[in-house]
Structure formats: C-alpha cells, structure tokens
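J.: Chains as they are written, first to last, in my numbering: chain A, 1 to 201; chain B, 1 to 98.
Please note that the accuracy of each hint is not assured.
Stated by the list, open to error - Have a look at the derived ranges for each label pair, beta carbon to beta carbon:
| no. | chain 1 | residue 1 | chain 2 | residue 2 | range |
| --- | --- | --- | --- | --- | --- |
| 1 | A | HIS95 | B | LYS64 | 26 to 34 Å |
| 2 | A | ASN117 | B | LYS64 | 38 to 46 Å |
| 3 | A | GLU128 | B | SER84 | 26 to 34 Å |
| 4 | B | LYS71 | A | TYR90 | 24 to 32 Å |
| 5 | B | TYR31 | A | ALA115 | 42 to 50 Å |
| 6 | B | ILE87 | A | TRP57 | 44 to 52 Å |
| 7 | B | ILE87 | A | VAL59 | 44 to 52 Å |
| 8 | A | GLU140 | B | HIS92 | 27 to 35 Å |
| 9 | A | SER151 | B | TYR59 | 44 to 52 Å |
| 10 | B | LEU27 | A | TYR90 | 15 to 23 Å |
| 11 | B | ASN56 | A | ASN58 | 50 to 58 Å |
| 12 | B | PHE47 | A | LEU155 | 36 to 44 Å |
| 13 | A | ARG53 | B | PRO79 | 35 to 43 Å |
| 14 | A | CYS131 | B | THR65 | 25 to 33 Å |
To be verified - Once the Cα atoms are required to be at most 27 Å apart in a straight line, the calculated BS3-like pairs of lysine-lysine come out as:
| no. | chain 1 | residue 1 | chain 2 | residue 2 |
| --- | --- | --- | --- | --- |
| 15 | B | LYS88 | A | LYS93 |
| 16 | B | LYS73 | B | LYS95 |
| 17 | A | LYS12 | B | LYS95 |
| 18 | A | LYS174 | B | LYS95 |
| 19 | B | LYS88 | A | LYS12 |
| 20 | A | LYS119 | A | LYS173 |
| 21 | B | LYS95 | A | LYS119 |
| 22 | A | LYS137 | B | LYS95 |
| 23 | A | LYS174 | B | LYS88 |
| 24 | B | LYS88 | A | LYS8 |
| 25 | B | LYS73 | A | LYS119 |
| 26 | A | LYS119 | A | LYS136 |
| 27 | A | LYS173 | B | LYS71 |
| 28 | B | LYS88 | A | LYS119 |
| 29 | A | LYS174 | A | LYS148 |
| 30 | A | LYS173 | B | LYS73 |
| 31 | A | LYS157 | B | LYS64 |
| 32 | A | LYS93 | B | LYS57 |
It is worth saying that the hints were derived from the structure and are not from the lab. Glycine included, each C-beta is placed from N, C-alpha and C at the ideal position.
What follows is the residue order along each chain.
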Amino acid sequence: MNRDELLKRVRKIELASKGLSKDLYAGQYKTAFKGRGMSFSEVREYQYGDEIRAIDWNVTARYDTPFIKVFEEERELTVMLLIDVSASFYYGKEHVSKIEKAIEFFATIAFSALANNDKIGAVFFTEEVECYLPPKKGREHVMLMLDKLISFNPLGKGTSLGSPLRTLRQTQKKRTISFLVSDFRDEGLNLDEVYFTKKIP
Amino acid sequence: MRSILQKKYHDLIAVKINDSSEQTLSLPGFYQVINPETGQRQWINGFSTYFNRLFNKEYDTHHKTISESLKAKGIPLIPLSTDSDIIKPLTHFFKQRK
Numbered sequence: 001m002n003r004d005e006l007l008k009r010v011r012k013i014e015l016a017s018k019g020l021s022k023d024l025y026a027g028q029y030k031t032a033f034k035g036r037g038m039s040f041s042e043v044r045e046y047q048y049g050d051e052i053r054a055i056d057w058n059v060t061a062r063y064d065t066p067f068i069k070v071f072e073e074e075r076e077l078t079v080m081l082l083i084d085v086s087a088s089f090y091y092g093k094e095h096v097s098k099i100e101k102a103i104e105f106f107a108t109i110a111f112s113a114l115a116n117n118d119k120i121g122a123v124f125f126t127e128e129v130e131c132y133l134p135p136k137k138g139r140e141h142v143m144l145m146l147d148k149l150i151s152f153n154p155l156g157k158g159t160s161l162g163s164p165l166r167t168l169r170q171t172q173k174k175r176t177i178s179f180l181v182s183d184f185r186d187e188g189l190n191l192d193e194v195y196f197t198k199k200i201p
Numbered sequence: 001m002r003s004i005l006q007k008k009y010h011d012l013i014a015v016k017i018n019d020s021s022e023q024t025l026s027l028p029g030f031y032q033v034i035n036p037e038t039g040q041r042q043w044i045n046g047f048s049t050y051f052n053r054l055f056n057k058e059y060d061t062h063h064k065t066i067s068e069s070l071k072a073k074g075i076p077l078i079p080l081s082t083d084s085d086i087i088k089p090l091t092h093f094f095k096q097r098k
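Model the full assembly from the supplied sequences, consistent with the hints where possible.
T.: Right under this line is the structure:
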C-alpha cells in the first residue's frame with residue numbers, strides 16, 4: 001500500500017469509528033478503560049463525617065491517629081501508543097506489511113480515544129526511541145501522528161523493547177493506558193523494564 | 001513512596017503483529033532469506049520436511065516465550081496478523097476486560 005492508500009484506509013477507519021462501528025470502537029473501548037473509578041491521591045487525618053471504610057489502617061496503626069485515604073476521580077486518560085518501526089516490521093508476505101497493520105491499529109485506538117476525549121501520544125522506536133510525540137487531545141493531533149507514522153523513515157534497524165518503556169516511565173508521570181505494538185523480534189529481550197509499567201491490580 | 005506508586009501508573013497492553021509467512025513456508029522451494037535487522041543472508045531448503053518442522057517450531061517457541069514472559073509480568077497480549085482483520089481480536093480483548 002502506498003501513502004495515499006494508507007491515508008484513505010485511515011479515513012475509512014475514522015468514519016467507521018464515528019458511524020456504525022461506534023459500538024465496536026468507542027463503546028467497548030470506553031467500557032474497557034473507563035470506570036476504574038478513583039485513583040489514590042493522598043492520606044489525611046480523619047475528620048468527623050468521613051467514611052469509615054476509607055480509613056487507611058496501616059497509616060493509622062503507624063501514627064496512632066486515624067488517617068483516611070483520599071481518592072480523586074480519574075477524569076481523563078492518556079493513551080500512549082508505542083510503535084515498533086524496526087526493519088522486520090516493514091515485512092509482509094502479501095499486500096499488507098506489519099507496519100500497515102500497526103497503522104490500522106493505531107488509527108482504531110486513536111479515534112476511539114478521540115471519541116472519549118482522551119489524550120493520545122506516541123513513541124516510535126527501533127533499538128532506541130526514534131520519535132516521541134507527547135500526548136495531546138484533538139483530531140488534528142491524531143492526524144499529524146498518523147501522517148508522521150505513515151511517512152516515517154527510521155534511522156535504526158533493530159528492536160529494543162526496553163527503550164520505549166524507559167521513555168514512557170520518564171515522560172509520563174500520570175497513569176496511562178499504553179499499547180506496545182511490535183513483532184517482539186528483540187534478540188536480547190528483556191522485559192524487566194516492564195516491571196515499572198505493570199498493570200494496575 | 002512515589003516510586004512505588006509510579007509502578008502502578010501504567011496499564012500496559014502488548015500487541016504482537018505477525019505475518020503468516022513467518023509461521024509456515026507457503027511454497028516448497030529454495031529461499032534466500034534476509035534478516036532485515038542484521039542484514040544476514042541465508043539459503044533455506046523449503047523442500048525439506050525437517051526444515052519445515054524446524055521453521056514452525058522456531059515460530060511456536062518464540063510466540064510461547066513472549067506470551068509466557070508477558071503473562072508473568074501481568075501484561076495482556078493481543079495477537080494480530082497481517083492477513084486478518086483487527087476488529088475481532090480487539091473486540092474479544094475489550095469484552096474480556098469489561
């Protein structure tokens with residue numbers, strides 16, 4: 001597929017995510033990632049009227065005064081797409097290469113996140129991070145990222161899954177939903193970096 | 001404390017994209033294969049049953065290693081293929097997460 005065909009495909013995905021497939025894309029995406037409720041913010045001293053079930057018993061035992069956990073509602077999410085752009089990812093037997101499938105996946109998730117008013121960012125990587133696009137909202141930003149991915153010329157050839165995960169940890173201080181898209185053809189595969197980006201229990 | 005909390009911030013999902021030709025050789029024949037990442041070239045005998053079995057096994061072992069490593073880290077995996085639609089596996093994954 002050439003650049004124009006890919007852009008046409010992206011446009012189709014955008015229309016699909018708006019129209020009939022709303023249930024498939026945004027609907028299910030929303031239920032899968034939203035509704036985790038509250039995220040822990042801090043602990044403070046118990047005041048009359050506070051919910052007893054919010055008491056943090058560990059802190060209470062340590063200080064001998066009741067403390068409660070304060071939660072804040074997670075209003076918006078940040079979605080990060082970590083895309084492998086190594087040489088092996090440009091391979092495909094038939095008409096579609098792995099990178100083209102990754103673009104399709106990128107567009108699907110990005111438009112679903114857009115419908116949900118979430119921030120979307122991306123990291124393109126080979127053996128090191130080749131491009132970091134900070135998370136932002138808006139269709140223009142999604143289109144810019146897609147355009148960049150479609151016409152991207154990576155400098156490196158190999159794959160190192162540790163580098164995008166390190167970048168994710170260093171740049172994103174708030175919780176994110178991150179997709180690591182790769183063929184996992186990493187010779188020295190080391191998922192230890194993943195320890196820091198573990199799934200929320 | 002912050003570093004401990006930070007560990008819980010990212011919800012990571014692995015998406016593995018593969019091509020069917022990496023799994024099985026579609027046609028019998030002699031192939032020259034090139035590793036695009038290292039530039040290494042090698043001739044392979046696609047007529048050999050032994051080699052075909054070895055080829056399948058290499059893919060299965062790789063897939064199994066990745067799946068198990070990710071599972072051990074508590075990271076879900078969405079397998080995608082270049083010759084199939086992405087909607088079905090995505091829908092399946094989203095439904096599972098509900």
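J.: Would the pair LYS157(A) and LYS64(B) pass a check requiring their Cα atoms to be no farther apart than 27 Å?
T.: Holds: LYS157(A) and LYS64(B) sit about 24 Å apart, inside 27 Å.
J.: Taking the beta carbons of LEU27(B) and TYR90(A), is their distance inside 15 to 23 Å?
T.: With a Cβ separation near 22 Å, LEU27(B) and TYR90(A) satisfy 15 to 23 Å, so the hint holds.
J.: Are the Cα atoms of LYS137(A) and LYS95(B) separated by 27 Å or less?
T.: Measuring from Cα to Cα gives roughly 26 Å; hence the hint holds.
J.: Holds or violated: are the alpha carbons of LYS88(B) and LYS8(A) at most 27 Å from each other?
T.: holds (21 Å)
J.: Is the distance from the Cβ of LYS71(B) to the Cβ of TYR90(A) consistent with 24 to 32 Å?
T.: holds (28 Å)
J.: Could you check the hint for me, namely that GLU140(A) and HIS92(B) are 27 to 35 Å apart, CB to CB?
T.: holds (32 Å)
J.: Decide if the proposed pair is consistent with the structure: LYS88(B) and LYS119(A), CA atoms, cutoff 27 Å inclusive.
T.: Holds - the C-alpha atoms of LYS119(A) and LYS88(B) are around 25 Å apart, at most 27 Å.
J.: Is the hinted range of 26 to 34 Å satisfied by the C-beta distance from GLU128(A) to SER84(B)?
T.: holds (31 Å)
J.: Does the Cβ distance between ARG53(A) and PRO79(B) fall inside 35 to 43 Å?
T.: holds (40 Å)
J.: I want to verify a distance hint. Is the separation of the beta carbons of SER151(A) and TYR59(B) within 44 to 52 Å?
T.: violated (31 Å)
J.: Look at the Cβ atoms of ILE87(B) and TRP57(A) and judge whether their distance stays inside 44 to 52 Å.
T.: About 46 Å separates the Cβ atoms of ILE87(B) and TRP57(A), which means 44 to 52 Å holds.
J.: Is the straight-line distance between the alpha-carbon of LYS173(A) and that of LYS73(B) 27 Å or less?
T.: With Cα atoms ~21 Å apart, LYS173(A) and LYS73(B) stay inside 27 Å; holds.
In the structure shown, a violation is registered for the earlier hints numbered 9, 23, in ascending order.
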